[in-house]
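Participant: With the sequences and hints as input, model every part of the structure.
First residue of the sequence shown? That's 1403 in our numbering, and the numbers climb one at a time after it.
One thing to keep in mind: the hints can contain errors.
[Stated by the list, open to error] Derived lysine-lysine pairs resembling DSSO-like cross-links, with alpha carbons at most 27 Å apart:
| no. | residue 1 | residue 2 |
| --- | --- | --- |
| 1 | K1435 | K1412 |
| 2 | K1463 | K1442 |
| 3 | K1461 | K1435 |
| 4 | K1442 | K1454 |
| 5 | K1435 | K1454 |
| 6 | K1463 | K1412 |
| 7 | K1447 | K1435 |
| 8 | K1416 | K1447 |
[To be verified] FRET-style restraints, in silico, Cβ to Cβ:
| no. | residue 1 | residue 2 | range |
| --- | --- | --- | --- |
| 9 | V1452 | K1412 | 40 to 50 Å |
| 10 | G1429 | T1407 | 45 to 55 Å |
| 11 | L1405 | A1425 | 15 to 25 Å |
| 12 | I1464 | G1427 | 13 to 23 Å |
| 13 | H1448 | T1406 | 51 to 61 Å |
| 14 | L1405 | R1438 | 26 to 36 Å |
Because the hints were derived from the structure by calculation, they are not lab data.
Here a beta-carbon is modelled for each residue, glycine too, at the ideal position from N, C-alpha and C.
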Amino acid sequence: MFLTTVNLAKAKSKTVLVQMVSAAGTGYFFNTKRNRQRDKLVLRKHDPFVNKHVLFFEKRKIRSI
1403 MFLTTVNLAK AKSKTVLVQM VSAAGTGYFF NTKRNRQRDK LVLRKHDPFV
1453 NKHVLFFEKR KIRSI
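Facilitator: Okay, structure coming up:
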């Protein structure tokens, strides 16, 4: 019986943690999860600095989950 080492590829995670930034320019942001295969997120949520619903754009990927 021979013991051999096999290089196995790491499995990629299915979800990614991303930072969403307000389009109102207030600097308000939040983090959310999205599917890896999906296009960049654009969400409409409440921005407490302007007290309105505004668009939030995906700024950057934080890490894989």
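Participant: Look at each hint and say if it fits the structure.
Facilitator: We went through each hint and held it up to the structure:
Between K1435 and K1412 the alpha-carbon distance is near 21 Å, which keeps this suggested pair within the 27 Å criterion. For the hint linking K1463 to K1442, the alpha-carbon distance of about 10 Å falls within 27 Å, and the restraint holds. Restraint check: the Cα-Cα separation between K1461 and K1435 comes to about 13 Å, which is no more than 27 Å; the hinted pair holds. With a CA separation close to 23 Å, the supplied pair K1442 and K1454 stays within the 27 Å bound.
Distance check on the hinted pair: K1435 and K1454 sit about 23 Å apart at the alpha-carbon level, within 27 Å; holds. At most 27 Å may separate the alpha-carbon atoms for a hinted pair to count; K1463 and K1412 meet this at roughly 19 Å. Of the pairs offered as hints, the one joining K1447 and K1435 holds, with about 15 Å between alpha carbons and a cut-off of 27 Å not exceeded. Among the hinted pairs, K1416 with K1447 is consistent with the structure: their alpha-carbon atoms are about 24 Å apart, no more than 27 Å.
Take V1452 and K1412: their Cβ atoms lie about 42 Å apart, and the range 40 to 50 Å holds. Checked against the hint of 45 to 55 Å, the C-beta distance between G1429 and T1407 comes to roughly 49 Å, which is consistent with it. Under the hint 15 to 25 Å, the C-beta atoms of L1405 and A1425, about 57 Å apart, miss the expected range. At roughly 21 Å, the beta carbons of I1464 and G1427 sit within the given window of 13 to 23 Å.
Separation of H1448 from T1406 is about 57 Å and conforms to the stated range, judged on CB atoms against 51 to 61 Å. Judged by the Cβ atoms, the range 26 to 36 Å given for L1405 and R1438 holds: they are separated by roughly 35 Å.
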